[in-house]
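Under mature numbering (1 follows the signal peptide of the UniProt record, and there is no 0), residues -30 to -1, 1 to 353 are what the sequence shown spells out, in order.
Heads up, a few of these hints could be off.
In the EDC-like style, the derived pairs of lysine to aspartate or glutamate whose C-alpha atoms are separated by at most 20 Å in a straight line are [unchecked claim]:
hint, residue 1, residue 2
1, Lys206, Asp193
2, Lys117, Asp43
3, Lys244, Glu63
4, Lys103, Asp68
5, Lys30, Glu55
6, Lys251, Asp241
7, Lys57, Glu85
8, Lys111, Asp73
9, Lys196, Glu326
10, Lys152, Asp347
11, Lys61, Asp96
12, Lys42, Glu17
13, Lys204, Glu155
14, Lys196, Glu225
15, Lys30, Asp43
16, Lys31, Asp43
17, Lys42, Glu18
18, Lys296, Asp257
19, Lys30, Asp73
20, Lys251, Glu222
21, Lys341, Asp193
22, Lys82, Glu55
23, Lys111, Glu49
24, Lys117, Asp241
25, Lys251, Asp43
26, Lys103, Glu173
27, Lys350, Glu85
28, Lys223, Asp193
29, Lys296, Asp347
30, Lys296, Asp314
31, Lys251, Glu215
32, Lys204, Asp158
33, Lys148, Asp193
34, Lys61, Glu283
35, Lys315, Glu17
36, Lys56, Glu222
37, Lys42, Asp193
38, Lys206, Asp347
39, Lys42, Glu326
These are calculated hints, taken from the structure and not from any lab test.
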Amino acid sequence: MKATLRRVSAIGAAALLLSGLAACSSGNGASDSMDGATNWRTVTSVEEGGGMDALIAAAKKEGKLNAIALPKDWANYGEVISTFEKKYGVKVEVENPDASSQDEITAVSSRKGQERSPDVIDVGHDFDVAAAKQGLLAPYKVTSFGKIPDSQKEATGLWYNDMGGYVSIGCDAGRVAKCPTKFSELLDPQYKGKIALTGNPVESASAFGAVFAAALANGGSFDNIKPGIDFFAKLKQVGNFNPVEATPATMEKGETPIAVVWDYRNAAYSDELKAKGIEWKVAIPEDGVFAQYYSQAIVKWAPHPAAARLWQEFLYSTEGQNLWLKGYARPVLLPVMVADGTVDKSSLDRLPQVNEDKVSFPTEAQGQAAKTAVSNDWAKAVS
(Lines of atoms letter the chains of each structure in order from A and count residues from 1; the text may use other names and numbers.)
(Lines give C-alpha, C1' and ligand atoms only; values in the text may rest on other atoms or scores of the structure.)
Protein backbone atom coordinates (compact mmCIF):
# COMPACT_ATOMS: atom_id res chain seq x y z
CA MET A 1 0.00 0.00 0.00
CA LYS A 2 1.20 3.47 -0.78
CA ALA A 3 1.28 5.44 2.43
CA THR A 4 0.48 8.91 1.18
CA LEU A 5 -2.72 10.71 0.26
CA ARG A 6 -2.16 12.89 -2.78
CA ARG A 7 -4.23 15.86 -3.84
CA VAL A 8 -4.02 16.71 -7.51
CA SER A 9 -6.86 19.16 -7.86
CA ALA A 10 -6.04 22.17 -9.97
CA ILE A 11 -6.32 25.33 -7.91
CA GLY A 12 -5.95 28.52 -9.83
CA ALA A 13 -3.55 30.68 -7.87
CA ALA A 14 -4.88 33.86 -9.39
CA ALA A 15 -8.39 33.01 -8.25
CA LEU A 16 -7.26 32.34 -4.73
CA LEU A 17 -5.00 35.34 -4.15
CA LEU A 18 -7.51 37.62 -2.52
CA SER A 19 -5.60 40.73 -1.65
CA GLY A 20 -8.55 42.22 0.17
CA LEU A 21 -8.40 39.58 2.88
CA ALA A 22 -5.54 41.04 4.91
CA ALA A 23 -5.81 40.48 8.63
CA CYS A 24 -7.82 42.97 10.66
CA SER A 25 -5.56 45.60 12.19
CA SER A 26 -7.96 46.94 14.79
CA GLY A 27 -6.40 47.53 18.17
CA ASN A 28 -8.90 45.66 20.35
CA GLY A 29 -7.42 42.15 20.13
CA ALA A 30 -6.35 40.11 23.14
CA SER A 31 -2.70 40.40 22.07
CA ASP A 32 -2.70 44.13 21.39
CA SER A 33 -0.71 46.11 23.93
CA MET A 34 -0.81 49.73 24.99
CA ASP A 35 2.99 49.84 24.93
CA GLY A 36 3.24 48.96 21.26
CA ALA A 37 3.95 45.22 21.67
CA THR A 38 3.33 42.81 18.79
CA ASN A 39 -0.20 42.86 17.42
CA TRP A 40 -0.64 39.17 16.64
CA ARG A 41 -3.79 39.88 14.62
CA THR A 42 -1.63 41.19 11.79
CA VAL A 43 1.30 38.78 12.08
CA THR A 44 1.63 36.46 9.07
CA SER A 45 4.53 34.28 10.27
CA VAL A 46 6.21 33.40 13.56
CA GLU A 47 9.38 35.17 12.43
CA GLU A 48 7.44 38.37 11.88
CA GLY A 49 6.18 38.15 15.45
CA GLY A 50 9.63 37.72 16.97
CA GLY A 51 9.95 33.92 17.00
CA MET A 52 8.40 30.96 18.82
CA ASP A 53 9.31 32.15 22.31
CA ALA A 54 7.44 35.40 21.72
CA LEU A 55 4.45 33.55 20.25
CA ILE A 56 4.30 31.09 23.14
CA ALA A 57 4.50 33.91 25.70
CA ALA A 58 1.69 35.85 23.99
CA ALA A 59 -0.49 32.74 23.72
CA LYS A 60 0.05 31.91 27.40
CA LYS A 61 -0.96 35.46 28.28
CA GLU A 62 -4.19 35.00 26.34
CA GLY A 63 -4.60 31.62 28.05
CA LYS A 64 -7.36 30.30 25.86
CA LEU A 65 -8.26 29.08 22.37
CA ASN A 66 -11.82 29.06 21.07
CA ALA A 67 -12.36 26.00 18.88
CA ILE A 68 -15.49 24.46 17.43
CA ALA A 69 -16.58 21.11 15.99
CA LEU A 70 -13.62 19.04 17.23
CA PRO A 71 -14.91 15.71 18.62
CA LYS A 72 -12.35 13.92 20.76
CA ASP A 73 -12.75 10.76 18.67
CA TRP A 74 -12.21 12.59 15.36
CA ALA A 75 -8.65 12.00 14.09
CA ASN A 76 -7.40 11.69 17.68
CA TYR A 77 -8.37 15.29 18.49
CA GLY A 78 -8.78 14.38 22.15
CA GLU A 79 -5.05 13.67 22.48
CA VAL A 80 -4.13 16.52 20.16
CA ILE A 81 -5.95 18.98 22.41
CA SER A 82 -4.66 17.59 25.71
CA THR A 83 -1.08 17.54 24.42
CA PHE A 84 -1.32 21.16 23.27
CA GLU A 85 -2.79 22.27 26.61
CA LYS A 86 -0.08 20.53 28.63
CA LYS A 87 2.72 21.72 26.35
CA TYR A 88 1.77 25.40 26.29
CA GLY A 89 -0.57 26.05 29.21
CA VAL A 90 -3.34 27.29 26.89
CA LYS A 91 -6.87 26.01 27.51
CA VAL A 92 -8.74 24.77 24.43
CA GLU A 93 -12.48 25.25 24.73
CA VAL A 94 -14.39 23.28 22.10
CA GLU A 95 -17.90 24.48 21.36
CA ASN A 96 -20.43 22.06 19.86
CA PRO A 97 -17.99 19.19 19.12
CA ASP A 98 -20.36 17.48 16.68
CA ALA A 99 -21.12 20.59 14.61
CA SER A 100 -20.83 20.50 10.82
CA SER A 101 -18.44 22.47 8.64
CA GLN A 102 -21.28 24.80 7.72
CA ASP A 103 -22.05 25.35 11.41
CA GLU A 104 -18.43 26.47 11.85
CA ILE A 105 -18.67 28.99 9.02
CA THR A 106 -21.97 30.29 10.38
CA ALA A 107 -20.46 30.75 13.86
CA VAL A 108 -17.53 32.70 12.42
CA SER A 109 -19.58 34.96 10.16
CA SER A 110 -22.21 35.74 12.82
CA ARG A 111 -19.79 36.56 15.68
CA LYS A 112 -17.51 39.16 14.16
CA GLY A 113 -15.94 41.22 16.94
CA GLN A 114 -17.31 38.97 19.69
CA GLU A 115 -15.22 37.32 22.40
CA ARG A 116 -17.02 34.02 21.74
CA SER A 117 -16.06 33.89 18.06
CA PRO A 118 -14.06 30.82 17.08
CA ASP A 119 -10.34 31.52 16.83
CA VAL A 120 -9.73 28.73 14.32
CA ILE A 121 -11.70 26.37 12.13
CA ASP A 122 -11.12 22.88 10.77
CA VAL A 123 -13.58 22.32 7.94
CA GLY A 124 -14.05 20.37 4.75
CA HIS A 125 -11.68 21.74 2.12
CA ASP A 126 -14.36 23.42 0.01
CA PHE A 127 -15.69 25.25 3.06
CA ASP A 128 -12.34 26.94 3.74
CA VAL A 129 -12.13 28.03 0.11
CA ALA A 130 -15.59 29.58 0.46
CA ALA A 131 -14.65 31.19 3.79
CA ALA A 132 -11.60 32.81 2.18
CA LYS A 133 -13.76 34.28 -0.55
CA GLN A 134 -16.12 35.67 2.10
CA GLY A 135 -13.26 37.48 3.85
CA LEU A 136 -13.50 35.48 7.09
CA LEU A 137 -9.88 34.33 7.36
CA ALA A 138 -6.49 35.79 8.33
CA PRO A 139 -3.32 34.91 6.40
CA TYR A 140 -0.66 33.08 8.38
CA LYS A 141 2.15 30.83 7.15
CA VAL A 142 3.17 28.16 9.63
CA THR A 143 6.86 27.27 9.90
CA SER A 144 6.33 24.16 7.76
CA PHE A 145 4.30 26.09 5.14
CA GLY A 146 6.95 25.52 2.45
CA LYS A 147 6.64 21.74 2.87
CA ILE A 148 2.92 21.74 2.11
CA PRO A 149 2.31 21.14 -1.63
CA ASP A 150 1.13 24.23 -3.50
CA SER A 151 -2.10 22.48 -4.48
CA GLN A 152 -2.96 21.98 -0.81
CA LYS A 153 -2.73 25.56 0.44
CA GLU A 154 -3.78 29.09 -0.39
CA ALA A 155 -0.71 31.01 -1.51
CA THR A 156 -0.89 33.72 1.18
CA GLY A 157 -1.70 31.30 4.02
CA LEU A 158 -5.44 31.91 4.32
CA TRP A 159 -5.95 28.14 4.59
CA TYR A 160 -3.97 24.91 4.24
CA ASN A 161 -5.08 21.31 4.11
CA ASP A 162 -4.40 19.42 7.32
CA MET A 163 -5.41 15.76 7.16
CA GLY A 164 -7.75 13.53 5.27
CA GLY A 165 -8.98 10.06 4.50
CA TYR A 166 -11.18 7.85 2.35
CA VAL A 167 -14.91 7.21 2.40
CA SER A 168 -15.46 3.84 4.06
CA ILE A 169 -18.24 1.51 5.15
CA GLY A 170 -18.34 0.63 8.84
CA CYS A 171 -20.38 -2.31 10.03
CA ASP A 172 -21.40 -4.00 13.28
CA ALA A 173 -20.48 -7.62 12.55
CA GLY A 174 -22.56 -8.79 15.49
CA ARG A 175 -25.79 -7.25 14.18
CA VAL A 176 -25.27 -7.66 10.43
CA ALA A 177 -25.04 -11.17 8.96
CA LYS A 178 -22.72 -10.11 6.11
CA CYS A 179 -20.96 -6.78 6.29
CA PRO A 180 -21.03 -4.91 2.96
CA THR A 181 -17.73 -3.86 1.40
CA LYS A 182 -19.04 -2.14 -1.76
CA PHE A 183 -21.70 0.41 -2.60
CA SER A 184 -23.26 -2.10 -5.00
CA GLU A 185 -24.10 -4.32 -2.02
CA LEU A 186 -25.93 -1.67 -0.01
CA LEU A 187 -29.22 -2.15 -1.86
CA ASP A 188 -29.53 -5.73 -0.57
CA PRO A 189 -32.82 -6.17 1.38
CA GLN A 190 -30.89 -7.56 4.37
CA TYR A 191 -29.73 -4.01 5.12
CA LYS A 192 -33.23 -2.60 5.61
CA GLY A 193 -33.09 0.42 7.91
CA LYS A 194 -29.42 -0.11 8.66
CA ILE A 195 -27.41 2.35 6.50
CA ALA A 196 -26.66 5.78 7.95
CA LEU A 197 -24.50 8.84 7.36
CA THR A 198 -22.90 11.16 9.91
CA GLY A 199 -25.05 14.14 9.02
CA ASN A 200 -26.68 16.03 6.18
CA PRO A 201 -24.40 16.24 3.10
CA VAL A 202 -25.52 19.82 2.53
CA GLU A 203 -23.71 20.77 5.75
CA SER A 204 -21.40 17.86 6.58
CA ALA A 205 -18.21 17.32 4.55
CA SER A 206 -18.15 13.69 5.70
CA ALA A 207 -21.67 12.97 4.45
CA PHE A 208 -20.98 14.94 1.25
CA GLY A 209 -17.97 12.70 0.63
CA ALA A 210 -20.22 9.65 0.99
CA VAL A 211 -22.54 10.98 -1.72
CA PHE A 212 -19.60 11.72 -4.02
CA ALA A 213 -18.22 8.20 -3.47
CA ALA A 214 -21.64 6.74 -4.24
CA ALA A 215 -21.73 8.77 -7.46
CA LEU A 216 -18.38 7.34 -8.58
CA ALA A 217 -19.66 3.84 -7.77
CA ASN A 218 -22.77 4.33 -9.91
CA GLY A 219 -21.58 5.78 -13.19
CA GLY A 220 -21.08 9.34 -12.00
CA SER A 221 -17.98 11.49 -12.15
CA PHE A 222 -16.43 14.58 -10.61
CA ASP A 223 -18.59 16.51 -13.09
CA ASN A 224 -21.74 14.59 -12.20
CA ILE A 225 -22.66 13.83 -8.57
CA LYS A 226 -26.32 13.17 -9.44
CA PRO A 227 -25.92 9.36 -9.52
CA GLY A 228 -24.80 9.57 -5.89
CA ILE A 229 -27.90 11.55 -4.91
CA ASP A 230 -30.04 9.10 -6.88
CA PHE A 231 -28.35 6.18 -5.14
CA PHE A 232 -29.30 7.42 -1.69
CA ALA A 233 -32.79 8.20 -2.97
CA LYS A 234 -33.04 4.56 -4.03
CA LEU A 235 -31.70 3.41 -0.66
CA LYS A 236 -34.48 5.46 0.92
CA GLN A 237 -37.05 4.03 -1.49
CA VAL A 238 -36.19 0.41 -0.69
CA GLY A 239 -36.07 1.18 3.02
CA ASN A 240 -32.34 0.69 3.59
CA PHE A 241 -31.43 4.32 4.32
CA ASN A 242 -31.59 5.28 7.97
CA PRO A 243 -31.95 9.06 8.56
CA VAL A 244 -30.51 8.83 12.10
CA GLU A 245 -27.11 10.53 12.34
CA ALA A 246 -24.51 7.85 13.03
CA THR A 247 -22.49 8.36 16.23
CA PRO A 248 -20.69 5.98 18.60
CA ALA A 249 -23.78 6.11 20.83
CA THR A 250 -26.17 5.07 18.04
CA MET A 251 -23.73 2.38 16.94
CA GLU A 252 -23.49 0.96 20.44
CA LYS A 253 -27.28 0.86 20.73
CA GLY A 254 -27.61 -0.83 17.34
CA GLU A 255 -29.56 2.06 15.81
CA THR A 256 -27.03 2.58 13.01
CA PRO A 257 -25.29 -0.77 12.39
CA ILE A 258 -23.84 0.42 9.06
CA ALA A 259 -22.22 3.86 8.68
CA VAL A 260 -20.70 5.40 5.56
CA VAL A 261 -18.03 7.80 6.81
CA TRP A 262 -14.31 8.60 6.56
CA ASP A 263 -12.03 5.62 7.16
CA TYR A 264 -10.25 7.29 10.07
CA ARG A 265 -13.58 7.82 11.79
CA ASN A 266 -14.67 4.23 11.28
CA ALA A 267 -11.26 2.92 12.35
CA ALA A 268 -11.48 4.95 15.56
CA TYR A 269 -15.03 3.70 16.14
CA SER A 270 -13.68 0.17 15.79
CA ASP A 271 -11.21 0.76 18.63
CA GLU A 272 -13.81 2.48 20.80
CA LEU A 273 -16.53 -0.12 20.27
CA LYS A 274 -14.19 -3.07 20.73
CA ALA A 275 -13.89 -2.13 24.39
CA LYS A 276 -17.67 -2.51 24.62
CA GLY A 277 -17.73 -5.94 23.01
CA ILE A 278 -18.71 -4.76 19.53
CA GLU A 279 -16.82 -5.87 16.43
CA TRP A 280 -16.91 -2.89 14.06
CA LYS A 281 -15.49 -3.79 10.66
CA VAL A 282 -14.14 -1.20 8.21
CA ALA A 283 -13.94 -1.46 4.42
CA ILE A 284 -12.96 1.10 1.78
CA PRO A 285 -15.28 0.29 -1.14
CA GLU A 286 -13.37 -0.40 -4.33
CA ASP A 287 -16.30 0.66 -6.50
CA GLY A 288 -16.45 4.15 -5.00
CA VAL A 289 -12.99 5.31 -3.92
CA PHE A 290 -13.20 8.94 -2.83
CA ALA A 291 -10.75 10.86 -0.65
CA GLN A 292 -10.70 14.40 0.67
CA TYR A 293 -8.70 16.64 2.96
CA TYR A 294 -9.97 18.94 5.65
CA SER A 295 -8.38 22.38 5.99
CA GLN A 296 -7.23 24.67 8.80
CA ALA A 297 -7.61 28.42 9.00
CA ILE A 298 -7.36 31.29 11.48
CA VAL A 299 -10.42 33.50 11.86
CA LYS A 300 -9.77 37.09 10.80
CA TRP A 301 -11.18 38.52 14.06
CA ALA A 302 -9.95 35.73 16.35
CA PRO A 303 -10.30 36.92 19.97
CA HIS A 304 -7.10 35.02 20.85
CA PRO A 305 -4.88 35.63 17.80
CA ALA A 306 -1.60 34.46 19.34
CA ALA A 307 -3.14 31.22 20.62
CA ALA A 308 -4.66 30.68 17.19
CA ARG A 309 -1.25 30.95 15.53
CA LEU A 310 0.43 28.76 18.14
CA TRP A 311 -2.28 26.13 17.59
CA GLN A 312 -1.47 26.06 13.88
CA GLU A 313 2.25 25.80 14.55
CA PHE A 314 1.60 22.82 16.80
CA LEU A 315 -0.72 21.06 14.36
CA TYR A 316 1.80 21.36 11.53
CA SER A 317 4.76 20.26 13.62
CA THR A 318 5.97 16.66 13.41
CA GLU A 319 4.39 16.03 16.82
CA GLY A 320 0.99 17.34 15.77
CA GLN A 321 1.00 15.55 12.43
CA ASN A 322 1.91 12.23 14.06
CA LEU A 323 -0.91 12.65 16.59
CA TRP A 324 -3.38 12.90 13.70
CA LEU A 325 -1.76 9.85 12.12
CA LYS A 326 -2.24 8.00 15.40
CA GLY A 327 -5.95 8.67 14.91
CA TYR A 328 -5.86 6.94 11.49
CA ALA A 329 -5.98 10.22 9.55
CA ARG A 330 -3.45 10.86 6.79
CA PRO A 331 -1.76 14.21 7.62
CA VAL A 332 -0.78 16.57 4.82
CA LEU A 333 2.93 16.33 5.72
CA LEU A 334 2.91 12.52 5.71
CA PRO A 335 5.02 12.22 2.51
CA VAL A 336 7.61 14.57 4.02
CA MET A 337 7.73 12.66 7.29
CA VAL A 338 8.04 9.32 5.52
CA ALA A 339 10.91 10.71 3.47
CA ASP A 340 12.81 12.24 6.41
CA GLY A 341 12.13 9.39 8.84
CA THR A 342 10.08 11.38 11.37
CA VAL A 343 6.83 9.48 10.77
CA ASP A 344 5.41 7.29 13.54
CA LYS A 345 5.79 3.95 11.75
CA SER A 346 3.52 2.02 14.09
CA SER A 347 0.67 4.44 13.37
CA LEU A 348 1.45 4.35 9.65
CA ASP A 349 1.17 0.57 9.58
CA ARG A 350 -2.29 0.71 11.20
CA LEU A 351 -3.91 2.74 8.39
CA PRO A 352 -6.81 1.07 6.56
CA GLN A 353 -5.49 -0.27 3.27
CA VAL A 354 -6.49 1.18 -0.06
CA ASN A 355 -5.21 1.10 -3.62
CA GLU A 356 -4.19 4.71 -4.06
CA ASP A 357 -3.53 4.23 -7.77
CA LYS A 358 -7.32 4.44 -8.21
CA VAL A 359 -7.59 7.79 -6.41
CA SER A 360 -7.98 11.21 -8.00
CA PHE A 361 -9.59 14.43 -6.80
CA PRO A 362 -12.15 16.92 -8.11
CA THR A 363 -11.07 20.43 -9.01
CA GLU A 364 -12.39 23.34 -6.97
CA ALA A 365 -14.93 24.13 -9.70
CA GLN A 366 -16.13 20.52 -9.77
CA GLY A 367 -16.42 20.44 -5.98
CA GLN A 368 -18.44 23.65 -5.88
CA ALA A 369 -20.75 22.44 -8.64
CA ALA A 370 -21.30 19.18 -6.76
CA LYS A 371 -22.09 21.05 -3.55
CA THR A 372 -24.66 23.15 -5.39
CA ALA A 373 -26.29 20.03 -6.82
CA VAL A 374 -26.51 18.39 -3.41
CA SER A 375 -27.90 21.58 -1.85
CA ASN A 376 -30.59 21.74 -4.51
CA ASP A 377 -31.58 18.06 -4.67
CA TRP A 378 -30.74 16.23 -1.43
CA ALA A 379 -33.80 17.12 0.64
CA LYS A 380 -36.16 16.13 -2.15
CA ALA A 381 -34.27 12.90 -2.79
CA VAL A 382 -34.44 11.55 0.76
CA SER A 383 -37.58 13.22 2.10
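For each hint, the structure was consulted:
1. Lys206 to Asp193: At roughly 24 Å apart (the allowed maximum being 20 Å), Asp193 and Lys206 break the hint.
2. Lys117 to Asp43: Violated, at roughly 27 Å.
3. Lys244 to Glu63: Status violated; Cα separation ~29 Å.
4. Lys103 to Asp68: Between Lys103 and Asp68 the Cα gap is close to 25 Å, so the pair fails against 20 Å, i.e. violated.
5. Lys30 to Glu55: holds (10 Å)
6. Lys251 to Asp241: Holds, at roughly 10 Å.
7. Lys57 to Glu85: The hint is violated at about 24 Å.
8. Lys111 to Asp73: Answer violated: Lys111 to Asp73 is near 25 Å, above 20 Å.
9. Lys196 to Glu326: This hinted pair is violated, its Cα atoms lying about 24 Å apart.
10. Lys152 to Asp347: Not satisfied, since the Cα-Cα distance of roughly 24 Å exceeds 20 Å.
11. Lys61 to Asp96: Violated - the C-alpha atoms of Asp96 and Lys61 are around 29 Å apart, more than 20 Å.
12. Lys42 to Glu17: At roughly 32 Å apart (the allowed maximum being 20 Å), Glu17 and Lys42 break the hint.
13. Lys204 to Glu155: The hint holds at about 13 Å.
14. Lys196 to Glu225: violated (28 Å)
15. Lys30 to Asp43: violated (26 Å)
16. Lys31 to Asp43: violated (29 Å)
17. Lys42 to Glu18: violated (33 Å)
18. Lys296 to Asp257: Status violated; Cα separation ~27 Å.
19. Lys30 to Asp73: violated (28 Å)
20. Lys251 to Glu222: Cα-Cα ~14 Å, so holds.
21. Lys341 to Asp193: holds (11 Å)
22. Lys82 to Glu55: violated (26 Å)
23. Lys111 to Glu49: Cα-Cα ~24 Å, so violated.
24. Lys117 to Asp241: violated (32 Å)
25. Lys251 to Asp43: holds (17 Å)
26. Lys103 to Glu173: holds (18 Å)
27. Lys350 to Glu85: violated (39 Å)
28. Lys223 to Asp193: Not OK: Lys223 and Asp193 at ~38 Å, beyond 20 Å, violated.
29. Lys296 to Asp347: Given pair Lys296, Asp347 is violated - Cα atoms ~37 Å apart, limit 20 Å.
30. Lys296 to Asp314: Distance of about 8 Å is within 20 Å: holds.
31. Lys251 to Glu215: holds (19 Å)
32. Lys204 to Asp158: holds (11 Å)
33. Lys148 to Asp193: violated (33 Å)
34. Lys61 to Glu283: Given that 20 Å is the threshold and the Cα spacing comes to 16 Å, the pair holds.
35. Lys315 to Glu17: At roughly 31 Å apart (the allowed maximum being 20 Å), Glu17 and Lys315 break the hint.
36. Lys56 to Glu222: violated (32 Å)
37. Lys42 to Asp193: violated (35 Å)
38. Lys206 to Asp347: holds (14 Å)
39. Lys42 to Glu326: The hint is violated at about 28 Å.
When held up to the earlier numbered hints, the structure conflicts with 1, 2, 3, 4, 7, 8, 9, 10, 11, 12, 14, 15, 16, 17, 18, 19, 22, 23, 24, 27, 28, 29, 33, 35, 36, 37, 39 and fits the remainder.
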